Amino acid sequence: MPQLHVNGKLLNYEAEADTPLLWVLREQLGMTGTKYGCGVAQCGACTVHIDGAPIRSCVLPAAAVQPTQKVTTIEGLSPDGSHPVQKAWAALDVPQCGYCQSGMIMAAAALLKDKPRPTDADIDEAMTNICRCGTYNRVRAAIKVAAGADAKTAGLDIIHVTRRA
Amino acid sequence: MSKLYQEAFEAQAAGSAGIAPATGISRRRFIGSAAAAGSLVVGFPLSAQAQQAATMPPEINAWVVVQPDERVIIRIARSEMGQGTLTGLAQMVAEELECDWARVTTEYPTPGQNLARNRIWGNFSTGGSRGIRESQDYVRKGGAAARIMLVQAAAQGWGVPAAECRVAAGVITHPGSGRRTTYGQMAAAAGKLPVPANPPLKDPKDWKLVGARLARLDTVEKTTGALVYGADLKLPGMLNAAIRDCPVFGGKVRSFDAAAIATRPGVRKVVKVGDSAVAVVADTWWRAKTALDALPIDWDLGPHAGVQQAQIDATLKAGLDAEQAAVGNRNGDARDAIAKAARKVEAVYSYPFQNHATMEPMNATAVWTPERCEVWTPTQNGESALAATAAAAGLPPAKCDVYKLPLGGGFGRRGMADWVTQVVQIARAMPGTPVKLMWTREEDMQHGRYHPVTQCKLTAALDERGEVTGLHMRISGQSILAAVFPQNIRNGLDPVVFQGLNAGGGEAMIGYSFPNLLVDHAMRNPHVPPGFWRGVNLNQNALYLECFLDEIAHATKQDPLALRRKLMARHPKHLAVLDAVAERAGWGRPAPDVKGMKVYRGLSQTHGFGSYVAACAEVSVTAGGELMIHRIVAATDCGHAVNPQQIEAQIEGSFVYGLGAALFQACTVKDGAIEQKNFDTYPCLKLAHMPKVESIVMPSGGFWGGVGEPTIAVAAPAVLNAIFAATGKRIRDLPLSRHSLKA
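Chains Y and B, in that order, are what the protein sequence lines are.
Quick note: the first sequence uses the working numbering, first residue 1, plus one each step.
Quick note: the second sequence uses the working numbering, first residue 1, plus one each step.
Hints are supplied without guarantee of correctness; some may be wrong.
[Claimed, not checked] Derived lysine-lysine pairs resembling PhoX-like cross-links, with alpha carbons at most 20 Å apart:
{"id": "1", "chain 1": "B", "residue 1": "LYS252", "chain 2": "B", "residue 2": "LYS692"}
{"id": "2", "chain 1": "B", "residue 1": "LYS344", "chain 2": "Y", "residue 2": "LYS144"}
{"id": "3", "chain 1": "B", "residue 1": "LYS457", "chain 2": "B", "residue 2": "LYS317"}
{"id": "4", "chain 1": "B", "residue 1": "LYS340", "chain 2": "B", "residue 2": "LYS457"}
{"id": "5", "chain 1": "B", "residue 1": "LYS692", "chain 2": "Y", "residue 2": "LYS152"}
{"id": "6", "chain 1": "Y", "residue 1": "LYS144", "chain 2": "B", "residue 2": "LYS692"}
{"id": "7", "chain 1": "B", "residue 1": "LYS457", "chain 2": "B", "residue 2": "LYS344"}
Simulated from the structure, these hints should not be mistaken for lab results.
In this text the structure is predicted, and so the values were computed from the model without any measurement.
Next comes chain Y alone, as it looks inside the complex:
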């Protein structure tokens, strides 16, 4: 039985050899945080990391991913939403509908790993994901916050009220 190493676990799956990684993650392994948007590597909603590098999982056959390669999905980026990119996203209320945001966050996390202090040009080049709601300016600002900028510099003045259970 074929195997994938996903979010720190070696997992068995059953699928035809040409099944894209996206659909093995979503339908065989139950990880639906990674989204289908186009199926042709245009939109980036399906972005995951393989050994830390961002890839578009909708066009990559799962069988081409070796069990020795480490796949990370949005569910595995942090156990509790505490990755600096996730925290910056929440601080600036980046998502609107949210559907593209898993891919955005994975692309941003990979960028920051590669370039901890990205320039605007770096962000332009790395963040080619499509967002139809139009969150781009907050995405840019949140990447800078995740890179160390004070959230106040985004000028949004968002009031965060700690939720009480």
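Following the hints, position chain B against chain Y.
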């Protein structure tokens, strides 16, 4: 249908604190938190009435539930699709309720419950930027009534007049006696009191939560992948369906060879869906989709198989000079003014078909039995989804229900229910088995409900001094209402066609006074189905008028702002937003160069969805013809601003949507079908294209305007006017990618 579904569904939804997709979920959470650990409530989904009677937590009224642990559940009838309505509506209820915002959660009542309770939650439809403005009065009254009932319950218990009690953050006190209680403790007693019919509302100057830049309630689960969209739903025993509808609108399935794919892995059934589509049902969606790709289908392409885009364009062009047209706005005699004009300016503009292209393709899950049908789907209109469910199920609506799931984008597309009809038709072929239908991007591109296609001929009459003495705007083209609500067409007139050009009405009014004005419409409806596309008809109408005013300014050697100001003396609210952007942008002073390039500005303003909006764009065009949009200044007067940081998000998003459309997007017809199939041929605006946006939210009070759509309409004309300033090139048809800006 039953326990299994409930548990699987709730396990998936666990962690979704912000949006509870259906009442069943928070009911379970409620009882789960109140009762001993491990006890589970079963029976979801029950009929709406049974849920009400048996297991819903005691409500104060239809809008507010307070749990013994002080958690406040605010019921939200409208759909959240990214626009922030869920948080904004909760703010308004909480404002009047005087509860603790930190304890507020939300839930969607189902359309079936609404039906069973005589539409106590009103309209579920979420479009036209109406989510807040259309329900603000009754949701605030819902919060106010609940507060009055909670206070009354405490006062009765204490034997003191309610008027002597005070409330703050969910705590009721009686200063005279020092007594204190909480909403959670009073909820059960308050729920038994009569609901005050018309409770007084706060003066806006006393608002604390309304107007605050509060964080959204639904953000965190969108950063962890935990939020369960329609596409993500999994029910026990569920099968997956992929569908192909006849690529030509109006075509039919003649036959298909199910045997050819019968032995493919996982394939369970091939189902003809209506007259025009075929679905493959398999254990996984990927297997269904790949089997469908391999299925031989013989199409009867129908009567429109020979239609080409050029024919549609020619039909619309003929309408520009047609004798018959429906009049939308008229004063004086524009034709006479034009006949007598010392000079005329004339131009023809056009606007293409465009697809909504929500990031999440259309999808729904259904279970059908002869007794009951239930659907889970992202929808902008739960009630129309329920009606579609009942019709396709062959059951009365009372034996059906729809559970709204978070929407991966809506933009008007999810106000329709065509995919709901499809999924129920498929589920009917497999009684008792849950089936999830998801469209491919290609299916979504080719079976949209497209932005209507129109052309516009504008003719201005000028006197010897160059003053405008008359304007005729002849719109030719598609009517959304004729396709979607034909009963609303009166004497051949579609009133929505004139959005932004109306003389009055408060919804979408022209911001200029012309001595003689005629705006009329020659309806020409191609076979491509139109729909409400975010911004609707305001998009092209604002583009036509705002670009043409720039043409008049250029032809008469006037400053575009000065010309507008002359025509806007009787439209102070339109003028106020225009002046605000002009001032902030520095209109009248040269813009500083960016990276050695000269920067040019363009203006536009309009009124739509009840709000006044304006924009100033700053662009450069390189010698090679590359457009760079550096900065946008945008102003919105929406009357009352419920959550300014979310209004700013909507303004920014509107530029993404509007500029993506203007720069890149057109759907074109070839052999009766839409040619574009995916984002490679239907490009979207990306982060690297995105200008800086400075938003000016300037609510002037006294009215409620929408914010999700109006700004889209000023995006394209502001940029096109700036492009003209930079290059002298006047772009009159979209998208811009069809034109060269090379010097």
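Verification of the hints:
1. B:LYS252 / B:LYS692: It is violated: about 48 Å lies between the C-alpha atoms, which goes past 20 Å.
2. B:LYS344 / Y:LYS144: Violated - the C-alpha atoms of Y:LYS144 and B:LYS344 are around 53 Å apart, more than 20 Å.
3. B:LYS457 / B:LYS317: Holds. B:LYS457 to B:LYS317 sits at ~9 Å (cutoff 20 Å).
4. B:LYS340 / B:LYS457: Holds: B:LYS340 and B:LYS457 sit about 19 Å apart, inside 20 Å.
5. B:LYS692 / Y:LYS152: holds (17 Å)
6. Y:LYS144 / B:LYS692: Measuring from Cα to Cα gives roughly 15 Å; hence the hint holds.
7. B:LYS457 / B:LYS344: Roughly 13 Å separates the two Cα atoms, so the pair holds.
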